[in-house]
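Using the sequences plus the hints, can you model the full thing?
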Amino acid sequence: FNFSVGSPDSISKFTGGTEVFFPIDLASGYWQIELEEESKEKTAFIVDDNLYEWNRLAFGLTNAPGTFQRLMNSVLRRVIGKICLVYLDDIIIFSSIIEEHFTNLKTVVFSLLENAHLKMKMSKCEFLAQSVSYLGHDFSKEFLIYTDASNYGLGAVLSHMKDGKDQPIAYASRNLNKGEIMYSTIEKEAAAVVFGIKRFRHYLQDQPFVIVSDHRPFQWMQNFKDETGRLGRWAILLSYMKFSFQY
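Per the UniProt record's numbering, residue 1 is the first one in the sequence shown, and the count goes up by one each step.
Source of the hints: derived by calculation from the structure; they are not laboratory data.
One or more of the hints may lead you astray.
[To be verified] Within a straight-line C-alpha distance of at most 20 angstroms, the following computed SDA-like cross-link-like pairs (lysine to any residue) qualify:
1) K119 <-> L35
2) K124 <-> Y152
3) K141 <-> F243
4) K82 <-> K42
5) K42 <-> A64
6) K162 <-> F209
7) K124 <-> Y30
8) K119 <-> L88
9) K141 <-> D166
10) K106 <-> M120
11) K242 <-> Y146
12) K198 <-> E180
13) K42 <-> Q32
14) K82 <-> A64
15) K178 <-> D166
Here's what the structure looks like:
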């Protein structure tokens with residue numbers, strides 16, 4: 001049995017323009033799922049010569065994350081990506097205006113979760129929050145994107161500063177195709193920048209960020225006027241982004 005739990009990277013794409021949040025943490029989420037009888041013996045363990053079996057879904061089981069995520073996706077399938085996001089037992093309800101927020105709360109909490117007999121941990125809930133910590137990324141902090149190119153590949157790292165330290169968020173890389181291998185050095189370095197920005201666009205759109213590179217000639221890209229050719233097309237793409245260069 002395999003079921004993907006999704007990734008924080010894909011989940012974070014949906015909350016642009018959000019004004020109000022309501023984070024939900026389910027109370028001992030895994031333990032709210034009862035195991036079928038034939039599955040219980042597979043969880044057996046021995047303590048002091050006594051044999052025990054789990055009656056409910058336990059942490060550490062190979063299929064536990066996928067099983068739990070499948071349940072949550074099934075319960076919330078008609079609202080995921082529209083008014084809520086879910087990553088395992090962490091749910092966040094988001095709304096663009098306060099007036100619709102109470103309707104969204106009623107739909108998710110008092111309809112879908114209640115009908116599925118899923119219980120919340122009230123101490124982790126926060127009504128009418130204007131910002132929340134969810135899956136680790138703080139979108140109020142300036143993002144840094146490190147890019148580099150070799151003769152055979154492109155690489156990019158997305159990060160931000162936290163407590164004075166550079167904290168990586170995501171990594172991306174790919175091989176150059178046969179045509180790209182023939183690029184000049186500056187074209188390869190520019191291709192790495194474009195690759196990184198496209199890969200992390202949902203983080204970088206509509207907010208300032210810093211491109212960190214060891215290739216100083218990139219400064220021309222901010223004022224490039226020629227719209228023809230490969231470099232011109234890349235410069236046009238970058239003209240829609242709010243960035244600065246750091247070497």
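Numbers of unmet hints, in rising order: Violated hints: 2, 4, 14, 15; rest satisfied.
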